[in-house]
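Those protein sequence lines, which keep their order, are chains A and B.
When the count follows this note's numbering, it moves up by one through the first sequence with no breaks and lands on 136 for the last residue.
When the count follows this note's numbering, it moves up by one through the second sequence with no breaks and lands on 417 for the last residue.
A portion of the hints provided could be inaccurate.
What follows is a list of derived Cβ distance ranges for each label pair [what the hints assert, rightly or not]:
id, chain 1, residue 1, chain 2, residue 2, range
1, B, S252, A, N123, 52 to 58 Å
2, A, D111, B, T141, 41 to 47 Å
3, A, E98, B, T115, 32 to 38 Å
4, A, K94, B, G314, 52 to 58 Å
5, B, E213, A, E97, 23 to 29 Å
6, A, N123, B, A323, 35 to 41 Å
7, B, T408, A, D126, 36 to 42 Å
8, A, E97, B, T129, 54 to 60 Å
The list that follows gives simulated cross-link-like pairs (lysine-lysine, BS3-like), each with its CA atoms no further than 25 Å apart [claimed, not checked]:
id, chain 1, residue 1, chain 2, residue 2
9, B, K288, B, K270
10, A, K94, B, K377
11, B, K250, B, K190
12, A, K109, B, K377
13, B, K310, A, K107
14, A, K107, B, K168
15, B, K190, A, K107
16, A, K94, B, K270
17, B, K168, B, K363
Since the hints were made in silico from the structure, they are not lab data.
Quantities reported herein were computed from a predicted structural model and do not represent experimental measurements.
Each residue gets a CB set at the ideal place from its N, CA and C atoms; glycine is no exception.
Each chain, letter by letter, is given below.
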Amino acid sequence: MAKEKEQKQEQQVATGTAAPESPVILRAKRCEELDQQFQQLKAKNDGHTLTAGAVARNSDDGTYILRVDII
Amino acid sequence: MTTLKGQNIRVLLQDGTKFKVVGKSTNATITLTGNSGDAATKDDVGMASKPEITSKSWGVQVESLDVTDTAAVLNAIKNLTPFTLIWDETATADNQTAQAEAYARKGQAYMNDVTFNWNDRENSTKQLQFTGSGPLEKLSPDAVPAMEIIAVDGAYTKGQFVRLYLGSDNTAAPAKVVAAARQLSLHISLSLETATTKDTEGDWDVQEPTALSFDISSNALVRSGDTITSTVEGQDFASIEDIYEAGTPVKFQIANTSGANNRTKGAIICSGSVVVTQLTLNAPNRQNATYDTQLTGYGIYTVAA
């Protein structure tokens, strides 16, 4: 259930079709991509405060994960 | 009969209408305290004391390997509002689903002490301490709380990818990372005072927040000569000592890092101003010299990436 919610949020971030729910979980194969996604999310949510947690790396598939809350 | 294992006693926090476990939890401690006064009087023969329970209080401490929610936790403690939490025996199938067992309890508690540890080549950790405010209720077996099952993944934060940046004044954003750093901790404390009065029913202590403070601790190797400034720019013992001598606040940031020497700044986790309140130089025989920096928060921190 939670995974479905995360996927839905990621899709929203990717397409920019709807205001993303908070928190948003960003995922990328490389740290640079994660930063890029984060900057895009920031640009799309101008006027809101974005907060970020610590980046975690999934040891199973090497994916970097960043939780962003939009306030 | 089997002995219950620690992984099946979990602390759950209310989020909206549902409860969910503290993810990636490694330990939980639940303490019920009977606050007592000695009721021994001159009427009692002998020397023995007679403790009488005058009020009750409770607290919960949880340790976890999940620091992806650092910003959310930093904002939550700033909100100065209590959480609704429960502890319960969870189902062995997922170690998450509450079952409203006989000793399960529910109450309101302030998150009043939080520590994040980002240490080099270690999984980062957080410790959350909650202090109960008001009574603990038994959970009815017929009213198992609504649950949100959290996704389980193998994602952990290695401490070398979260670093402390320190400025040299209290105006410009800090550009210099603490060089050759090994340990970093962020500690936030919400002071509580008992606000129980004669109007309060029952034995349970009621708490109210009175002050919020934070401090940062860092440990780093001491480099010789001009190694740091000439090769990789950063704050070292000498430059932090300059800040200490000035005795005025400087800007800080705690940020995600990557890239060369783990120094490319990514999303900022929190920022603000600090004063250097203690510097300790450790010089043990036949070991690397290190120094500890204690930074005390000046004003409130900002949580904005």
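Each hint tested on the structure:
In this structure the supplied range 52 to 58 Å is violated for S252(B) paired with N123(A), their Cβ-Cβ distance being about 39 Å. At about 44 Å, the CB distance of D111(A) to T141(B) agrees with the hint of 41 to 47 Å. At about 47 Å, the beta-carbon gap between E98(A) and T115(B) misses the expected band of 32 to 38 Å. Under the hint 52 to 58 Å, the C-beta atoms of K94(A) and G314(B), about 55 Å apart, fit the expected range.
Checked against the hint of 23 to 29 Å, the C-beta distance between E213(B) and E97(A) comes to roughly 48 Å, which is inconsistent with it. A beta carbon spacing of about 39 Å between N123(A) and A323(B) agrees with the range 35 to 41 Å that was offered as a hint. At roughly 41 Å, the beta-carbon separation of T408(B) and D126(A) lies within the given 36 to 42 Å, and the hint holds. A hinted range of 54 to 60 Å for the beta carbons of E97(A) and T129(B) is inconsistent with their spacing of about 39 Å.
Of the pairs offered as hints, the one joining K288(B) and K270(B) holds, with about 21 Å between alpha carbons and a cut-off of 25 Å not exceeded. Distance restraint check for K94(A) and K377(B): the Cα-Cα separation of roughly 18 Å lies within the 25 Å cut-off, and the hinted pair is therefore satisfied. A threshold of 25 Å between alpha carbons decides the hint, and for K250(B) with K190(B) the separation of about 29 Å lies outside it, so the pair is violated. About 21 Å separates the Cα atoms of K109(A) and K377(B), which keeps this hinted pair within 25 Å; it holds.
Proximity of K310(B) to K107(A) is assessed by CA-CA distance (about 51 Å); at most 25 Å being required, the pair is judged violated. Between the alpha carbons of K107(A) and K168(B) the distance comes to roughly 47 Å, so the proposed pair goes past 25 Å and is violated. A distance of roughly 23 Å separates the Cα atoms of K190(B) and K107(A); the hinted pair therefore holds under the 25 Å criterion. As the CA atoms of K94(A) and K270(B) are separated by approximately 16 Å, the hinted pair is consistent with the 25 Å bound.
This hinted pair does not check out: K168(B) and K363(B) have alpha carbons roughly 42 Å apart, beyond 25 Å.
In the structure shown, a violation is registered for the earlier hints numbered 1, 3, 5, 8, 11, 13, 14 and 17, in ascending order.
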